[in-house]
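Just so we're aligned: 52 in numbering that gives the first Met the number 0 is position 53 of the sequence shown, and the numbers increase by one with no gaps anywhere.
It is possible that part of the hints are untrue.
Have a look at the derived ranges for each label pair, beta carbon to beta carbon [claimed, not checked]:
#1 116 - 153: 53 to 59 Å
#2 146 - 124: 29 to 35 Å
#3 91 - 116: 33 to 39 Å
#4 109 - 80: 50 to 56 Å
Taking lysine-lysine and the DSSO-like style, the derived pairs with C-alpha atoms no more than 27 Å apart in a straight line are [as the list claims (entries may be wrong)]:
#5 129 - 118
#6 129 - 146
#7 129 - 144
Just so you know, these hints were derived from the structure itself, not from any lab.
The beta carbon of each residue, even a glycine, is placed where N, CA and C say it ideally should be.
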Amino acid sequence: MHCFPFKKVKKTQSNNGTGFFYVAPGYKLSIEEIHKVQSKNFNTNSYAEKLHHKELLALRKLPPNLQLDNHVRLYQQHVMKMKKWEEKHRATELAIWQYNESISQREQDEAWDILQCLKRKQRYEDLRAKRHQDEEIWTTIQRLKCKDRYEDLRVKRHQDYARSHAYQIESLNRNLEYHPDLRRSLLKDPKN
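Modelling step: build the complete structure from the supplied sequences, incorporating the hints.
Okay, structure coming up:
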């Protein structure tokens with residue numbers, strides 16, 4: 000979009016008696032506008048908002064001492080130079096932005112890898128702790144089982160011993176009842 004204060008016309012006219020000042024072919028600035036720009040009461044900020052920044056830059060950087068014959072060609076060359084400079088500047092900005100994006104992407108990937116590594120390490124530590132806890136529980140259960148088995152064996156041995164002892168006494172009593180001679184000899188023995 001063209002936001003330039005010059006009025007566009009078809010061809011370059013002479014500056015004599017028209018009331019307009021021709022800066023370049025197709026552009027003319029009225030005397031009132033010139034006086035407005037040159038006046039001291041003019042607010043430059045509000046006027047600068049109306050102008051396109053790049054066109055104003057191109058106008059400001061026109062080569063000095065323009066000759067009447069070649070000013071059009073010089074202006075066009077200047078505009079082309081400015082366009083090339085803008086394209087180069089835009090390409091540079093794009094390259095810088097892409098580089099920064101790639102750096103930030105690389106940093107994000109590195110942070111993601113570190114996070115995954117920490118998660119894996121934490122998972123491994125948790126599994127290791129759980130396995131250790133399971134081993135401790137299993138060892139405790141085995142110890143308790145061994146202890147119970149030992150206690151059961153001890154109780155069974157005591158019971159077997161008591162049973163065999165009772166059986167021996169009972170069989171001895173039976174034998175003494177049926178064998179009076181044996182009983183008499185046992186009674187005579189001072190140990191009994």
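These are the hints, each one checked on the structure:
1. 116 - 153: 53 to 59 Å: Hint holds: Cβ distance 55 Å, inside 53 to 59 Å.
2. 146 - 124: 29 to 35 Å: 33 Å, holds
3. 91 - 116: 33 to 39 Å: Distance hint for residue 91, residue 116 holds at roughly 37 Å.
4. 109 - 80: 50 to 56 Å: At roughly 43 Å between Cβ atoms, residue 80 and residue 109 fall outside 50 to 56 Å, so the hint is violated.
5. 129 - 118: 16 Å, holds
6. 129 - 146: 25 Å, holds
7. 129 - 144: 22 Å, holds
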